[in-house]
Structure formats: C-alpha cells, structure tokens
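Work out the full structure: start from the sequences and follow the hints.
Protein chains: 2
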Amino acid sequence: MHLNNFSKLNEIDKFGMINFIEEAPNYLRLTLNSIKTEWNSLNLKKYEGLEINNIVISGVGGSAISGDIIIDWIWEKSLIPIIVNRDYRLPRFAGEKTLVIAVSYSGDTFETLTQFYEAYKRKCILFSVSSGGKLKEISEKLNIPFLKVKEGLPPRAALPCLLPAIAYILSKFEFSISLSELEAAANKMDEIKKECKFSRKLEENLAKKMALNIIGKYPVIYAFANMSSVARRIKDQINENSKTPAKFEFLPEACHNEVEGIHSLEKENFCFLFVEGQEKMEEEIIKAFKEVLRENGFINIYDVPVKGEKKIEKILSSIYFGDFLSFYLSLASKIDPTITRNIQKYKKRISEEAYKLTNFFTHSIL
Amino acid sequence: MHLNNFSKLNEIDKFGMINFIEEAPNYLRLTLNSIKTEWNSLNLKKYEGLEINNIVISGVGGSAISGDIIIDWIWEKSLIPIIVNRDYRLPRFAGEKTLVIAVSYSGDTFETLTQFYEAYKRKCILFSVSSGGKLKEISEKLNIPFLKVKEGLPPRAALPCLLPAIAYILSKFEFSISLSELEAAANKMDEIKKECKFSRKLEENLAKKMALNIIGKYPVIYAFANMSSVARRIKDQINENSKTPAKFEFLPEACHNEVEGIHSLEKENFCFLFVEGQEKMEEEIIKAFKEVLRENGFINIYDVPVKGEKKIEKILSSIYFGDFLSFYLSLASKIDPTITRNIQKYKKRISEEAYKLTNFFTHSIL
Chain A
0 MHLNNFSKLN EIDKFGMINF IEEAPNYLRL TLNSIKTEWN SLNLKKYEGL EINNIVISGV
60 GGSAISGDII IDWIWEKSLI PIIVNRDYRL PRFAGEKTLV IAVSYSGDTF ETLTQFYEAY
120 KRKCILFSVS SGGKLKEISE KLNIPFLKVK EGLPPRAALP CLLPAIAYIL SKFEFSISLS
180 ELEAAANKMD EIKKECKFSR KLEENLAKKM ALNIIGKYPV IYAFANMSSV ARRIKDQINE
240 NSKTPAKFEF LPEACHNEVE GIHSLEKENF CFLFVEGQEK MEEEIIKAFK EVLRENGFIN
300 IYDVPVKGEK KIEKILSSIY FGDFLSFYLS LASKIDPTIT RNIQKYKKRI SEEAYKLTNF
360 FTHSIL
Chain U
0 MHLNNFSKLN EIDKFGMINF IEEAPNYLRL TLNSIKTEWN SLNLKKYEGL EINNIVISGV
60 GGSAISGDII IDWIWEKSLI PIIVNRDYRL PRFAGEKTLV IAVSYSGDTF ETLTQFYEAY
120 KRKCILFSVS SGGKLKEISE KLNIPFLKVK EGLPPRAALP CLLPAIAYIL SKFEFSISLS
180 ELEAAANKMD EIKKECKFSR KLEENLAKKM ALNIIGKYPV IYAFANMSSV ARRIKDQINE
240 NSKTPAKFEF LPEACHNEVE GIHSLEKENF CFLFVEGQEK MEEEIIKAFK EVLRENGFIN
300 IYDVPVKGEK KIEKILSSIY FGDFLSFYLS LASKIDPTIT RNIQKYKKRI SEEAYKLTNF
360 FTHSIL
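Top to bottom, those sequences are chains A and U.
With the first letter of the first sequence counted as 1, position 90 gets the number 89 in numbering that gives the first Met the number 0; the numbers rise by one all the way through.
With the first letter of the second sequence counted as 1, position 211 gets the number 210 in numbering that gives the first Met the number 0; the numbers rise by one all the way through.
For the record, the hints were derived by calculation from the structure and aren't laboratory data.
Predicted, not measured: the structure shown is a model, and the values here were computed from it.
Any given hint could turn out to be false.
Because identical chains share one entry, a pair is satisfied inside a single copy or across any pair of copies.
Derived pair list, reagent style BS3-like, types lysine-lysine, alpha-carbon separation capped at 30 Å [stated by the list, open to error]:
| no. | residue 1 | residue 2 |
| --- | --- | --- |
| 1 | 122 | 44 |
| 2 | 122 | 309 |
| 3 | 208 | 266 |
| 4 | 286 | 7 |
| 5 | 266 | 347 |
| 6 | 76 | 279 |
| 7 | 44 | 149 |
| 8 | 346 | 279 |
| 9 | 333 | 347 |
| 10 | 355 | 309 |
| 11 | 7 | 120 |
| 12 | 44 | 266 |
| 13 | 171 | 122 |
| 14 | 35 | 120 |
| 15 | 140 | 13 |
| 16 | 266 | 216 |
| 17 | 310 | 355 |
| 18 | 333 | 266 |
| 19 | 216 | 7 |
| 20 | 279 | 120 |
| 21 | 76 | 122 |
| 22 | 346 | 266 |
| 23 | 279 | 344 |
| 24 | 310 | 96 |
| 25 | 346 | 289 |
| 26 | 347 | 120 |
See below:
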C-alpha cells in the first residue's frame, strides 16, 4: 500500500486512529488545564502531612506505560523509589506510607481493580484515575480521590490524558516533577507532528519512510534503561496498531546476553531500532553494539528521532514518533489499527473467571 | 545432531559447560556452608542498628539475575521495595537508608563498579560480591564488606554461588528470607538433574526432547510477573549458551498488547514456553492466552516443568531445567555453549572508553 494514497488509507483506518494520534499534543495540554479544577474539587484532608516512603503505579497495558514514563522522567531526581506494578496483586511492601495511583483508562480492568481494593484495605495513600467505569464508581463509594480523564479514546491513545493526571498527583508529593516540562514536551510533539502527520507526503515524512523500510520485518527496539518506557511503548504500539510482533530490550543489559542471540537470526527478516542515548557513555555503548550487529551481517539498523533537551521532551517526542510509525506500518500492511481482536478475546475469556476468583464484585462494599 | 551420541556431544562442549551445570546444586550447598565463615570475618560495626528503607541490587547480565530471583522469591513477603539496577548509574533515591549490594562475578564489570563507587560516595549501606577482580580490590581498600565466591566459572554458571551470597546478606536485614528454603531448592534441582542430566538418554530426558522440538524456532517465554526471573534467565541462557534469539514477556501484561502482535508471525517458526502459574487465577490467564495462540494457528506450545511447593523451589527448579534445555539446544545446533564471541567483542570495545568516560580508575582512591 502506497502511503500517499490518502483516500485508500482512510478506508483502512475505519475508526480514525489517525485523529487520536494527531490530537495527542492537544489532549496533553487540555488535560493539564482541566486537571487543576478537578484537583481542587477533591477532599484531601486525610492525606495532609503524611510521610511517603515509596510510590506504586498500578495498572496494565496502555494505562501502565504512563508510569514507566514517569519513572524515566524523574529517574535522576526522585528521592524515593517508584514502581509500576502490572499484576493483579499489590506488592507486599505497599502500606500506609505508600502512595498508590490506580490507573485504568476504561476503569474496568480487573488487574487494576484488585490492586486498588487491596491498597484501600491496607490504608495506602490511594488515588485513582480513569475515564469512568467501575474504578470511578467504587472510588466515589469509598471516598477515594479520583481524577476523571477524557472518555471515548482507544486506551493506547489515552496516554496524553493519563500521563498529566498521574503527574499532577505525583507533583503534590514528589517535588522532582515539573508540570511546565510537560507543556514543553507537548510543543516537541507538535514538531514531530509537523514532520510525520498524515497529510505529509511519503517523500518528506520520516515515519512513513521508516514504516516502508521495516514492513515485513521483526522490529527489535533498544533503549537505555532510563529511556526504556520509549522502547516498551513503541513495541506495544507495533503490536497493537500494526498487529506485528516486536520486542524491546534495554541497554547496556542487552550487550551482556541478547547480543549473543543474534547469531542465527535471518539477516533480512529483522530490523533494529535504537533510541538515542543521553550521555557520551551511552553513545559509546550504542556505537559498540551497532558495530557488533553490522559485523554479524545486519543492515536494517535505524535511529528513532528524539527531540528536545529536557528528559520528558525526549521521551514524549520519540514515543510520539513511534505512534506515527506504528500507524503507518498498519496502513502499509492494510490492517485497521484500531481493532484488537486477540486482546478482546482474551479479556472476554478471562473476565467472568477473574471476577469470580478474585471475589471482587461479590464483596459487601458494592 | 542426535542427543544420544555422547562422544560427539563432548567434542562440541569443549570447555565442559555440562560439568558446571550438573554441579549447580552442589555449588549452591557449598556456598551456603562457606558463606557463614566469610560473614563472621567481616567487620560490620558501622552497619549495626541502621534503618533500611529500600534495597538496590547492582549488576548486569548473569550477576543481576540473582537479584531478580530474590525479588520473585520474597515478592509476597518483603516490607520494603527491592530493585535490580542494570545500569552504570545508581538510582537517585539510593542514600544512607539504602542497602546496596554490588554484584559482579568477574569483579571487573564497569557498570557494577561505577554503581559501587557512587553508593560508596552516597554512604549507602554497601556490600559487594564477586569472585575477585577490581571489585574485591577496591572493597578491601575502602573497607566495604565483601563476600568472595568460587572462582573460575563462566559468569552465567555462577548463579548458584552468587544467589546464596546475596541472600545471606539480605537475610541479615530483611527477615522474609529463609536460607533453609534455599537448601530445599537445591534438592529440587537434584530432582531436575536426575531427569535431565547428560547421561540420561533422549527418550527419557525431557530437556533433550524439548530442545529437539524447539531447535530452529524462535522461543518466546512467558511467566507471571512474580516468576519473571525464570523467563528472563531462560531467555538469557538460550541467547548465551545456544546463540539463539529469544524473547520473554510477563503475564498478564502480555495479554494486553503482545497477544495482538502474533498476527503475522510465521506459525512454524515460533515456539512458546510457559512457566506455570502459582494460583488458580494465573492458571486461568495462561489457559485463556494459550487458547488465543491456538486459535491463531500456533501449535508449538510447551510448559516448563516446575517443582516444589515453596516459591524459591519453583523458581530454581524451572530455571535449572532451562539451563539444561539451553545446553542441549546448543549441542543440537553444534554450537559450543561456553564461547560468547559477541559479548567479548562488545566488552573489548567498550572497556577502554568506559573507564575513560566514567573516570573511575583515575580516581585518587586507587
């Protein structure tokens, strides 16, 4: 599929994923504006003056990735550990000095709901974020501070709404978060949009060109541990939008095992995407790693563009490029980016069993 | 290569990796016995009565995996967060109330050395573990408690020496670690050894049979988040021993994105290895996930055997099976399991640059 045939492309993208992607910087700015009013309406007396030893962001999939982004963002600044917990159980250490933010875009993810309820029982400093659903319902019933974000998006397109909501909560407890940096990041996303938007022709659109370079190949995405949210998000977006297998690994860890596993890869079937390093040392590691790849006969090696100076600008600009890339990869493969049949099948199969086994909705509070 | 042709197989395994693997349960028991004497020789006065808020295990590759195992082991019990840090920088939060264990089997890994030195400067409650090298040298110079483990193993074969050393240190600060459980796990490893050892013929050796089933395929290993050390270790061992690409992902997260990326995989080129779930809910999630795989046309789906009742028994028995599996996979592919050319190339390239840039060895203390 030629990526300049706009009417044909629109036919494939039946549910308009491109609109959600192109609106992302605006969603981010709108949420930053609206969240303040929401926050002021919360009753936070019970949380005043509490000491916090650690932070858990509870969620899975498209909701959890915002937690990874936060960790990368403040990795060099935060004085307490932050953990993203993608399970249906809360880690044992979470207690009265733990700030827990339960995030589920739909509000109906059973993994997040069970973590939320456990955090409630353990008297954690608990907040929740969703567009509605059961998480909203039980938060209100249990008097847990709840932030509502814009409804009606595919969960993976809700990142620019969930991220500022989580960041806003954290900024009240963890002073290394600066919301103005998020605004600056939205501006960097605008730069990516200008370069990669749908109406921009293939010939001058890096995301379209890269999509055509990697189509039919198995993408392997590498980033440093402190930018691993980018590699993970691009991998997830390629899975969900493009229905294409992908993997990510982080550096320098990959240099200590992964690099040995490329031995028997079929050279033309794989491609490698690198997310730029932040420091001289990282550049050297990437250089050494790429050299080993080239010596092993690989030629499909690409760099994900990264914009800005501040960490969150770099994270969100490269993630945003990945959103466009995975979108064009889906269109080039003639696949609707929005529909996710296997995830729906899984969710349908597991939901009844989950609620029965975790005994969540039979609990007396509801 | 037929896996009953013992003399031919011995020719491929030039450096005797099989001996290291078969000795693993004994290494574990020997270290447990010797570590107590070592511990008693340490001067720990400065650490007496200190409060600990969190724990960082610093290392990469075959040294870091022991940290992952510890986290999975005490996930349901530990009252403080534990993090494995595979970078050359220490996380910002690590300070005077952080227990840092720097682990490098060789003692010369620059990532670990730079973390160690940073932890020293920040006055963390610092320990180090290695078989020798610079880590031993500078620990002695700086008067940092150091535990020495058995020398002369390939780093990935040193897991049964590193793990008990780390566990021993932790058991003095974090009371959810029971060393007797490690001994019980060594016995479960003996059961795996009986079933999977080199002298046991293909026909009655599950590890050999599975190796022949997955040879030439791309293994994808799935485990629950609380057993992810197993999936990661098997992936790393397949990379390093078998020089075969592999990936791991954890559940239920994979059900929320990964499962969509299998769409375009060539059915016969991939195989899926599942590490058993611990609970009824986990069994249901694995069942639902496997059903989606089967509906998508995949037939190469296998279970990694897991033995024992206690968590650490399950972790080490399934990891040990993976050690045998990756070993037989290398022999079946006629590849020497011990030699790791790409890792050596990378290390050689990076080492000079690393020491120059991180400015480690020019520092006045040395």
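**Request:** List in ascending order the numbers of the hints, as given earlier, that are violated by the structure.
**Result:** Violated: hints 4, 11, 12, 15.
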